[in-house]
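Peer 1: In order, the protein sequence lines correspond to chains A and B. Okay, so the first sequence: first residue is 1 according to the numbering used here, each after it adds one. Okay, so the second sequence: first residue is 502 according to the numbering used here, each after it adds one.
Hints are computed from structural coordinates only; laboratory data are not their basis. Glycine is no exception: its CB is placed at the ideal position from the N, C-alpha and C atoms. Among the hints, a few may not be true.
Keeping only pairs whose Cα atoms sit at most 20 Å apart, straight-line, the calculated DMTMM-like set for lysine to aspartate or glutamate is [said to hold, decoys possible]:
#1 A/Lys-83 to A/Glu-109
#2 B/Lys-664 to A/Glu-210
#3 A/Lys-215 to B/Asp-779
#4 A/Lys-269 to B/Glu-699
#5 A/Lys-296 to A/Asp-378
#6 B/Lys-654 to A/Asp-240
Simulated restraints, written as ranges between beta carbons of each label pair [unchecked claim]:
#7 B/Asn-812 to A/Gly-359: 48 to 58 Å
#8 B/Glu-1144 to A/Pro-274: 44 to 54 Å
#9 B/Ser-1152 to A/Pro-42: 51 to 61 Å
#10 A/Lys-469 to B/Lys-1082: 50 to 60 Å
#11 B/Gln-1142 to A/Lys-345: 53 to 63 Å
#12 A/Pro-274 to B/His-1047: 22 to 32 Å
#13 B/His-1047 to A/Arg-152: 32 to 42 Å
#14 B/Tyr-1044 to A/Pro-369: 48 to 58 Å
#15 A/Asp-424 to B/Leu-1110: 33 to 43 Å
#16 A/Trp-128 to B/Lys-997: 32 to 42 Å
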Amino acid sequence: MADVCLVLEGTYPYVTGGVSSWVHDLITSLEDITFDIVAILPAKSYAREYKYKIPPNVSSIGNLYLNEIDGDSNSRLGFFQIKKFFRELTGAAFELKKGRFETISDIAEIFDRYRPSTGDFINTKESWNFFLKLYENFDSNFSFVDFFWTMRFILIPVINITSFRPPDCRCYHSVSTGYAGLLASLFALGTGRPMILTEHGIYSNERLLEIVNAKWIYDSEAGSIDAGRDMAPLKRLWIDFFFNLGRIAYHCSDEIITLYRDNMHLQIKLGAPPEKCRVIPNGIDCARFSEKRSRKPSPPSYTVGYVGRIVQIKDIKTLLYAARFVVDRLPGARFVLKGPVDEEKSYYEECRVLTALLGLEKSVVFAGPGDVKDFYRDIDLLVLSSISEAQPLALMEANLCRVPVVATDVGAVRELVYGADPEDAAIGPSGAVVPSKSPEALGREIARLLADPDLNERMGVNGEKRVMKYYEKKDLKSRYLQLYKHHISRSDRTLSKRSVV
Amino acid sequence: MFQDRVYYTSMMIWLSLLLMFALASALAGAPPADVFLARAAIVNAAGAVLFLAVYETLYSFDLDPGSENNRTRKDLTFLMLLAFGPFGLMPVLFIAIACADKPARKFDGLVRDNPCDMAEDAIFNYIDVAGEFQRQMFKEAVIDSAMSESSFKKRNAIEILSKIRTRQAVAALKLMARVGEYEVRFMAINKLNAIEDEYVREFDHYKSALRVCGAVPELVFQYATLMMKFCRLEVLYEELTRLYYRKAAALFRALIEADRYRNESLHGYSVCLRNSGDAAAAAELLEKNAGTLGGDAIDELAACYFDLKRNDRLADLIGRVKKGELPRGKRLEKILMGKDENDDKDDTGDGESELYAVRKPADFVKLLAECETTAFDEHYSRLKTAVNPSIYPAAFNSVCGFSRFCRIIYLKLLKGQIEADNARNLRYFLYDNDAVMVFFALDVLCSTELPLRNEIFMDLLLHPIDEVRIVAATFAGMKKMRRAVPTLVKMLKSPKSSETLKKEIVTALARIGDSAAAAGVSYSLSRGGTELCVHALGEIKKYRLHGFLDQMTALADSGPEPVKVAAIKTVASFGDDDAFKKLSKYLAGAAGETAREAAAAEFSRALRLEAAEYAAFYYSRESSPYSEDFRYYFSYLGKNQIEKYIDGLISSGDYANNQFMKILLKHRGSLAAELLEKKRESAPGFYLLYGAGPGKGGE
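So that you can see chain B by itself, here it is in the shape it has in the complex (with noise of 0.2 Å):
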């Protein structure tokens, strides 16, 4: 018996050791779990020394003599449950220790094992970029949707440009937070309030960390890095962005007196001081520690002369580096070794043109004869990505001896680049031989704002393609290019344009809308055929074209029937009572049953009282083409209109079985019954006939 207790209290004492270390542990504020592991298994392998001892010295003085038919089994358990036991013990220590949530646990991962990375990191690149450029190959670029009259477009570029998260994804953001519709503004907004609150929520975490485990040099490098990124984004407004950048510096000044990344420090400390608006300091504090800078630190100086038009310091500064004297960084790197001009363009010097990685001309050409490679996606991505647009005019030449594919691709690129140059080879391609480059070239020319777009669309009107001709007389309508008008006249009384030429060349006219346009949209109607004319006739009411209504009578009068219609709409789209009165004929019969159910509808849309009779009638046929009208005349007819004309019924005398009181009782129940109520005491014959039936308003 004296064995098995021996057993349970050497146990018992064992796990007390340990709980009693744990709880030690725990309270000195936990230190890591690997430390806490190896102190463990220090104590458990002392423990199990121990208590075997102990055991072997009891059992030498032979305390336990019952135990002799087991001894070696029990030894054997009793070894195994020292070895093992609180090894088994060990997750609920841990999550005991856990559970004491003790601040500097949770800051554990926060450390990155390389804190210089981040600033290469993209932490919030959510999106592979490579896949989604190829299928955005052949679709609108998400600037264009965000600038785009569709607020559903608007909608979903926002989603695009809050995931992008760039410096141009947010200040497009910022552009459409300003825009007209309510819901494409709140979105906006929402997102850019989501962008500012994950990092002021990154910096919370941050300073909480040092707060709890004091200055670790990698926390603050981390911290002071992640609020240079906040403020490149330029989410919040100049004067704000400077204050995070002073906070950054103030930061990396830390991290520079600790002697801590001194150089990545000493590059983040003046990126942030220029940036703030002090380029000067940034510069002092660069030449002071001149001997143990790094590259990109040099760059950075170079750059802060160049704020400060300091040019001696730099060309200095350059020959030093060009001694070998000081190291060279990325930037000066470039400049050295082949400087091509459009690269000043590109120095933002805080880094930026680390986003052009691909700035010479030959370089970019053979970038884009390799997407006829099997990785298209890489290629494809990174001249998307990668090039800098500046240097697409210079690879032209070199593109035009490419096959189609790339060609296209060139052209893709080219969407968007506004520099004249691009214009000009884009006119190349506008008179290719192989169409599907010509039309290609056209969605180019349709969607980018080229310097002369307006005179190469001029030139277009003439192009041998019908299409083009088709998009360049559009293109005319919709800048309302007068100078274009002789041209779209000219054309348009052509027998060699087509029909759906023709009626583009209308529209425009009818777009541009001045006196010279208008003569050509009379044409159409004089001498055009019966789609053209009726086209027309649609394109007058579209745009309100006033000076037409002698021809349109007179169309309505003796067309065919499908312009006969068309003209009677159109009149009555002026809504004035001079067009009414025009029209009122019709309604009599003037022209035929067709034009007389048109006229009926519109006096009907236009709800005149006129129309009631033939509204009636209309209404009671089941195939008219115009029910809505009329469904809709006996919906919303107004009561004044309603009271004069029952009055004119009383007064006639002559309503018995009236089709337009029967539709009014069942459309119109209430009004009906509150105006027959008025005329009880005036009119009682009428009363009884209408307002005294059963149901709801006399039914």
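So here's chain A without its partners, still in its complex pose (with noise of 0.2 Å):
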């Protein structure tokens, strides 16, 4: 039996990315903890090559496959018990529907007598009576078919999630919510033992923003200049479909997490209880960044470093216009941006050709990915100018370095900047922060902590100064190790007491 069963969607092991990278630094650190991993994947084709060496505490990987419906199309329950599973579902969806999320535990317990086919679910009669009758008891006024394949395209996940047998570990934790929360919710809720969610962005607003702008669900007045309109009812079925999954792992969770205050506060908004929340931030490897940089920027060169792949939420458009705002004030100024191009290829092409309409062609490097570990000896300072965020590293990993920061203020930017609380503050800002798609304004800040090299200077030793203080990886990972051997204790007691029993 596996100490922790991480349940993660759409991220470890198949895909790079922040999400990814910190799993896998947890797993590498806490040698001592064995793990279960269940990789959530819309479909079969997306289970690819690992991404990451997998570390030797990982005793299993299993795939749960969303969309896939082949091989279980055909209806597995007898006449009467489908009767009756449908019967006992309709009465505990309304119950949900109602907002009472303690009934999720009631539909997994109907859901593990049965176990439907996803047959059974789609396909039999039953279940067009049962879609019938939520449809009758919608809000809206839309189409009964519309409604119908939206329903289906909703609950095939969620019966292919409910018929996953748990691994059998101490404890569960899921690194978002969404099917990932509601797959580890399922699987505390039948094991009885503790559920731990960490939320890195908030799943729930991430599906709002793709749903509200999604071409892929239909809207009738999408064309409609009236503001007062009210949301497509499909793409408000999907929204709140998204919000309850968030706010069945809310309620099911023993533990929440996340990475900065502001977050926390929109868990809490979200439906996530105050008394569960807390905050444990991403840390970084201080003994890893040991160089420090010892010079100041001299006129007339100067060196601004941009650490991150080159995709469209990094704004790097922006950047660059706030590129030539500074090389027209100081002409020496050279921007190098250090990180992957290939993962949205057209946008690089249109970086390239951005920075070229702007004659920054001589004053603007894309150096490609590599070791960032010497790169940030070499830079004046450190530009950030994403339109989202949680916690970037790269500011940290800067700061560590004694480089001071310009940052959009997004996500945690500004507790890390400027301090999260007033003994933090007292430390003093490690740069400056600036709206986002604000190329003037972050512009006009990059050329001024590069035109004064003391002030340069001395906010580099200030974020050194509060990333040795609040974000050293080591402790920050002891409180994930606390945490874990807190749950895998009471799961155990438990567990005694049952055998007992």
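Relying on the hints, combine the two individually framed chains into one complex.
Peer 2: Written out as structure tokens, the structure reads:
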């Protein structure tokens, strides 16, 4: 029996990125804890090769495919059983719709008892009647056909989740709400063992943005310019679904963890019980960045660095506009953008085009990916122009190397630069924070921090102090270790009590 | 046999020639399709003549005697093949050429028939404005939605603004990119980025076209015009906008030097120069070319003089235009033909005034009157888009004589217009005999930040229509108008005021919250009916008004049942120990069963230990209206609190069949198990009773 079952959606070990790296890091740093991994993927075709070397303390990796229905499209339940199943399910579903999230345990129990196939759920007369009843109780007035097909798309993943057997673990840890949160909740409810939830970005909000802009969900008034019109009912259906998944996960979790306070407040706003919420920020390995920047910016040549992927969400174009602003004032300034360019190739190409249009070919370098350890020593400033972030690692790394930062006001950036509480703030700012999508403000702050070497140095030192004090990886990993140990021992006590009984 | 070979051979040679021609064309840079077709037709015709001659020569020598019997048919076949066969192969050849993807072919469609029209085109006009405005007629303006409290409306507004894509829409999007709500900010930024990206992609397309096709004047002109349009949207910050203006200016200059699109380019060049902060250079350039300038460029020269404050030259220029020595553009034409005082405000100098084609009150009034015709859509959309709003007040007198329909449209147009004159005119509508007009006027007043708006609402508190008084009271509360308090209190005391109005007044007073307003609220508690009293208690709770504790406990002691419950809830909402101390007597049943249950619910909601027994009691009752509160109590009561309760139970010794413990074991099994485990040694009896049972946590 593994100690912890990590439930992951669309991340580790198949996809690289912030959350995946965090998971990999967590597993490798807690060698004494054994892990089972359940990776949730949209379909079988998404299961590619592992993007990480799997550490020895991972005992198994299981895949759950959300949208696969092959081989299970026939009805499995008998005549009376299926009637009973849907009768019970309808009652519980309406309770759930009223916002009584404790009903999820009843639903889990119903599914566990009957074990319906996907076919039972989508290809039977009873399922049709079930959808009809749901439709009649739905507030909006729109086509049943649209409702039916939307519900099918919504429910097929849910059926696949309910029929997935939980690995035998001492506790369950989901790294997002959504499908992963639901699966972990069902595991926890089914086994009576604890569940931990860690959210980096707020899943429900991310889905909200995606759905509001989605073109694949039918909206009969898509071309309207009436701002007061209601959201398309099908979009509302999807959004409610994801928000409810979030609430279920919050309800079933024993601990809800996120990276910074604003996110925690957002979780509470979305229904997380405050007493379960806490913040454990990301940390960095301070020993790895032992060599610090020693020089001050010296005119006329300055180097401004960027570390991260060249993708739309990082708003590199704003950075380029800001670069134009800086180069007009400090012609010797050079911008070095370090990070992979192949994730959104077309965006990278657009950035190249913009660089040429702005006449920045000599001032901006797309350096590609590579080890950043030495990179920070050679730059005078780190810049971050993202429109969405959680807790940017590059910012902490730069600060640790005594490099100040100019970053947009997203995610935990403000906490990282100005401090999270009065004690932290007393250290002093480690750079400047500007609004997103404000090239002029970004450029002005970059120019200010480059042109004032003393301020630049002072902020760099502040940054180093802050990271060493609050974001040392060792400390933060030990908090996860304690958390796991606490829940594992709780789980063991419950188990032993049961075995005695 | 030989003749058959001749057929095949002639066909093969013919095709080879055609293929060679096609390949040569492709390699040479693929001329436009029509040239290629013309050449192909000539080759085809020449081939046909050539091979007919060859065939006839061979046939006349009788080299194929065996073909005598089928001669006519074979000749016909040959001719048919010769004439039409190659045409059948044309598509294949064209595809082959297209696949060669010669760079120049990509830009075949880029040059417009009339590039000068481009400036007039609404290149990003995706929406049916007239139709949409008709639908919008009785709905909120987009900009109001963008600035509203609702995130949902804001998101919709962002969608719409990104479709409209005017300078004003971009400015609104920029504002929204700074709001607090993450998802609104994110969406606005994405839309701004999308606008930018679209232009940058277009620029790149033109750049590539110019690199491949050379400096085709049409392309250069289109490129420069597009860049100018981009600048006028003001998506980018000022300095960068100037940079793009300079780039566009360089392109226009190249056209002027090449003497292509001279007048349009002179105009564009000077617009770019002036907007990039060099009006003097623009004026100099235009003066040099004064003799050849078109009307729009003369307008621009006038704008430059105006910017540079060269009034003598401006007067001289106008004089020459008047005399007919120089042509006049649309703007000067309007100024010279019948300028009114409002026109000056509207002259943005770079064609912005084109937005307001209707600038005279008489034209506006005519357009408004025409709204009643069948072409409503057209007239209404013109009213919304083409009329300079500053002429609305001047049209008021004429509008008063119009039908209700036209007057409503006039009112709709006033929405969002903040000039003082509009406020004055709106007051006439607010006291109109027609209640519908009054309500429409009230709607405009509510949604427009007019000068003296607060004073108008003060007057409206005494309006003859009850609904208007209700809205005015609400407004007074929203704006915390302390001056309105005496009137509001007077209205509250008046027996003529309706119950709804009184409730609104209480809400307004609670919002204002000063001592005079509090006296009004106190009056409603002591003298108001049950409904008003309950409402007042709700507002005290909502706005956290202090100083009513004694009055509320008196109501909880002796008021009617709904008032008792509301009073208990309100007292509890203050959440401090004093409040709960006052409430404990209700828990003991001092004011009857309903009050006790309400008090128990409030204690439970506050997770207070005093509620334990009562929560357990009411929890088991199916019909309790506060079942959620009692369930919440058992789900979230703190560990220390529970432990304290258990300790109390143990020390009292009276713990057999305890309802609280039963519910706790059911709801918080693992926590209960943990606490019971602690008591195993110290209270074995208790542990045996609750902790050693079967199942999760001892069940």
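Peer 1: So which of those numbered hints doesn't the model satisfy?
Peer 2: Per hint list: 3, 4, 7, 8, 10, 13 and 16 violated.
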